[in-house]
Amino acid sequence: MQPDSHNTSDPSDAAEAGKADPRAAGTGGAGPGLAGPRGAGPFLYPSGSRPLEGYTLKRGVGQGGFGEIYYATSDAGKEVALKLVRRNLDVELRGIRVCLNLKHPNLLDLYDIRQDAHGDTWVVMEYVAGDCLENVLAVHPGGLPSSEVLTWIHGIGAGLAYLHDRGIVHRDLKPGNVFSDEGIVKIGDYGLSKFISCSRRSGHTESIGTVHYMAPEVATGRYGKEIDIYALGVMLYEMLTGRVPFDGESVGEVLMKHLTARPDVSMLAEPYRSIVARALEKDPERRFRTVREMLATLPAIPGAALPFAPLPLGEAPATTMLRMVPDPGVRARPLDAAVGPLRSSLSQAVHKVFPPGEEPIARGVRALGRKFRAAWSERNLLGKILLLIPVVLLAPAAIYLFIPLTLAYLFYRFVRMLVLTPDPGPGGGPPTAVRAVPPAIAPSARPPTDTRPAIPAIVLSARDRFTELVGSLLAAAVIALVMSAVMIIIVIRGYQHHAALAPEQFAWVALVGILGAWGVLLLEKLWENRLEEAVLRRFILMVFGLGLGLAAWAVAETLLVDLPREPGIPSPASPARVPPSFYADGRPHPMAYMAVFGTLLALLRWWRQADRVRDSRLRLWSLAVSCLAALVVAGFWDFPQPWLVMVAGVMSASVQLASPWVPPRARLRPQRKMMV
Amino acid sequence: MLWIDAVGGYRLCLADEVLLGQPQEPDSRAGMRVDIPILADLGSRHALIRRDGENYLIEALSNARGVREVRVDGRPVRAVHWLADGSRIELGEGVRLVFRRPHPLSATARLELASHHRTEPPCGAVLLWAETCVLGPQARSHVVCPDWLQAVVLSRQGKELFCHTSGRLEIDGVCLREQGPLEPNSRVSGEGFAFSLEPLG
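Protein chains in written order, with my numbering: chain A, -2 to 673; chain B, 415 to 615.
Derived from the structure by calculation, the hints contain no laboratory data.
One or more of the hints may lead you astray.
Heads up, simulated SDA-like pairs for lysine to any residue below, C-alpha to C-alpha not over 25 angstroms straight-line [to be verified]:
#1 A:LYS75 to B:PRO451
#2 A:LYS75 to B:ASP455
#3 A:LYS75 to B:GLY538
#4 A:LYS75 to B:GLU526
#5 A:LYS368 to A:THR403
#6 A:LYS100 to A:GLU290
#7 A:LYS75 to B:GLN436
#8 A:LYS75 to B:SER600
#9 A:LYS222 to A:ARG283
#10 A:LYS75 to B:PRO598
#11 A:LYS75 to B:HIS531
#12 A:LYS75 to B:MET415
#13 A:LYS75 to B:ARG447
#14 A:LYS75 to B:ALA528
#15 A:LYS75 to B:GLN438
#16 A:LYS75 to B:ALA539
#17 A:LYS75 to B:GLU612
#18 A:LYS75 to B:LEU527
#19 B:LYS573 to B:SER555
#20 A:LYS75 to B:GLU534
#21 A:LYS75 to A:ASP117
#22 A:LYS368 to A:ILE382
#23 A:LYS75 to B:LEU614
#24 A:LYS222 to A:CYS96
#25 A:LYS75 to B:ARG532
#26 A:LYS75 to B:PRO535
#27 A:LYS75 to B:GLY422
Same shape as in the complex, but just chain A:
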């Protein structure tokens, strides 16, 4: 569409419009990460043009999926935003008339809809000078502080509730459409996507809205107001963590993830975790029924009297400082999962005093860990070795300090968990509706859930899973044998005390390692489809560990294995006096075995090492952490020293190498196969 040339002498615009015009390309604003006010390409109208009677365009503000937005003033000086809607063909003004007369403090005012001399449609609306949420999020890569998140969410929710009450679905809710006008949150572009899509129903395959915020059922064409709740959940996730739950390199990849992948909500603290999990349910029936219901589960805006009244943000978001450390409201606290209604009253009182999710020590340690990992991943192999040397050198000395500190910290965390347990969210932790077939192996009492035919799911039949499990067990056994040999050679050779390795010791390490790895793999298989709470998993792991310890003792006795203490490795007398029944003549009793293995299994998140969708198949970091943890645990319980470390190393390596792992690229294939 050529711009008018009668008011300003700009034949150059004709030349510019003739250039490859990326705005008019198919997906336009739907490209991941590109949708938003900053589009590519010049604006169509120059400053000073008057395509509409009564308004003078001053400058272009942004380009989105539907057209361009200009800042303009009326002849009298009233500033407005003019949106040029370029891709409508059959304009149905009646359909949008209802949106024109909506009034709500959290909705951007629509003043009028006009047509210019060329037949283009312009929407005249309120101009908001403040930033849109997208720009605010760009400035906060780690997420926004909780109070700001709540202000935004309550504001967006209030506007959305108003729309839903009147039967209007926004359909294009995203951070680029939400603004902050001197502290008041305003939603824009409501009703417009419906207006546009009406005219494009004739087989146009372009998806409306930015894909990152699009609910899975939108692709099927059957959807209702629940898609807005889904988008709200995605936005809440993004505000808390700084990134979207589902991202990919192509539109198709992101859509696939919306359809099939579980969002990773592990880093969110309650109550946000369950809220986001429920809002992002694949099945619209399982999400919150109304926006008000969702808002009711959120904490109120700090200092607010009414949770639903829109309240100004303390300061314009643009002036908030850039945060380098992610907000503590998002720290992972696996121990602090919802425990029981007994604690809720006490915790409510404490809730007001201690904001949920703050864990300064863990945060500090994690920040340190993150920095180390960043440095680790940046180096190549030589760099990694260099990085490891000081760690290895410092390890023995650190043990002396580590154990009492860890003890004190664990005690502190335990007390904290008891005191600060937040309320369980509504419907928290139900099994996701993604799996269409209840697995036969897991003793599941869930009724068949998914009856909507429109949603494909990750389907691995029970038989496939069993095969997979057996395969991984066998692989684990083989790998464990190999790893044990390697471990023994490394550790024993490293200490000149034992030049020859006794075969029973090798057998013991290998057997216990195999059993441990099998246990972890089996448990992970059982847990694969469920959203268990971390505390429960650790408990089960601990029980398994006790059993493993017993088995280890049995193996040691049967094979007459002698596990001497290695004097080279320090084994400080632990502050908690180990009861004398644990040891006799320096040889550990079954109780010692059980205690040691129980602690080791419960201490780490072993299931993560067997996760199908972990970041990479073998992570040396997990291996190192397992070994370090074993070192600490053995030191604590005064267990003969290098043996537990070896077992832990063997277990970790075997579990990681043997458990099924899907590289990111291939993750779409199983779904496609099933959909055919």
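Chain B: place on chain A using the hints.
Below, chain B without anything else, positioned relative to chain A:
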């Protein structure tokens, strides 16, 4: 005014002395016109910012009832005060401005409104244009345009305005290479940027 597509609108002041105060009716009594009208509880002639070579001063003006309230970095201004990069100016009660001189080689300064008040007509910031004004993606530009590929420099000599950039540009429809003259109502565009000038009053 300088209207920059996808960035913002800015008020360009070319004079060496600019008057800050409340917006005036066009037909009020003759006298100095307010160069930076701010919609706030200020006097009609509240303060004066003067450029003296490379330095800037702010002067608190007075009316019949005494000197106007002007504070720089918290300290009241009796007569005049120097302005440095980052100075926080407070006029009256609650009108806060930040004075910035981001570019080390240019005497041009930028005044931003830190409080919620607005100029009339509204703008993102006021540019006190000395000789050169840099628009670009770098932090030391007078107007930071994050998505631009290269910087554009507006320069003036007396009443004549020029525009420089690396690469081609079009001014009012005329294709030029690297630089060209500007009129008070020119439209300039190039690779990845576009802006317009609009004369005020």
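Against the structure, the hints come out as follows:
no., hint, in the structure
1, A:LYS75 to B:PRO451, "holds, 17 angstroms"
2, A:LYS75 to B:ASP455, "holds, 21 angstroms"
3, A:LYS75 to B:GLY538, "holds, 17 angstroms"
4, A:LYS75 to B:GLU526, "holds, 22 angstroms"
5, A:LYS368 to A:THR403, "holds, 21 angstroms"
6, A:LYS100 to A:GLU290, "holds, 22 angstroms"
7, A:LYS75 to B:GLN436, "holds, 19 angstroms"
8, A:LYS75 to B:SER600, "holds, 23 angstroms"
9, A:LYS222 to A:ARG283, "holds, 13 angstroms"
10, A:LYS75 to B:PRO598, "holds, 23 angstroms"
11, A:LYS75 to B:HIS531, "holds, 17 angstroms"
12, A:LYS75 to B:MET415, "holds, 17 angstroms"
13, A:LYS75 to B:ARG447, "holds, 23 angstroms"
14, A:LYS75 to B:ALA528, "holds, 23 angstroms"
15, A:LYS75 to B:GLN438, "holds, 18 angstroms"
16, A:LYS75 to B:ALA539, "holds, 19 angstroms"
17, A:LYS75 to B:GLU612, "holds, 17 angstroms"
18, A:LYS75 to B:LEU527, "holds, 20 angstroms"
19, B:LYS573 to B:SER555, "holds, 23 angstroms"
20, A:LYS75 to B:GLU534, "holds, 11 angstroms"
21, A:LYS75 to A:ASP117, "holds, 22 angstroms"
22, A:LYS368 to A:ILE382, "holds, 17 angstroms"
23, A:LYS75 to B:LEU614, "holds, 16 angstroms"
24, A:LYS222 to A:CYS96, "holds, 16 angstroms"
25, A:LYS75 to B:ARG532, "holds, 14 angstroms"
26, A:LYS75 to B:PRO535, "holds, 10 angstroms"
27, A:LYS75 to B:GLY422, "holds, 17 angstroms"
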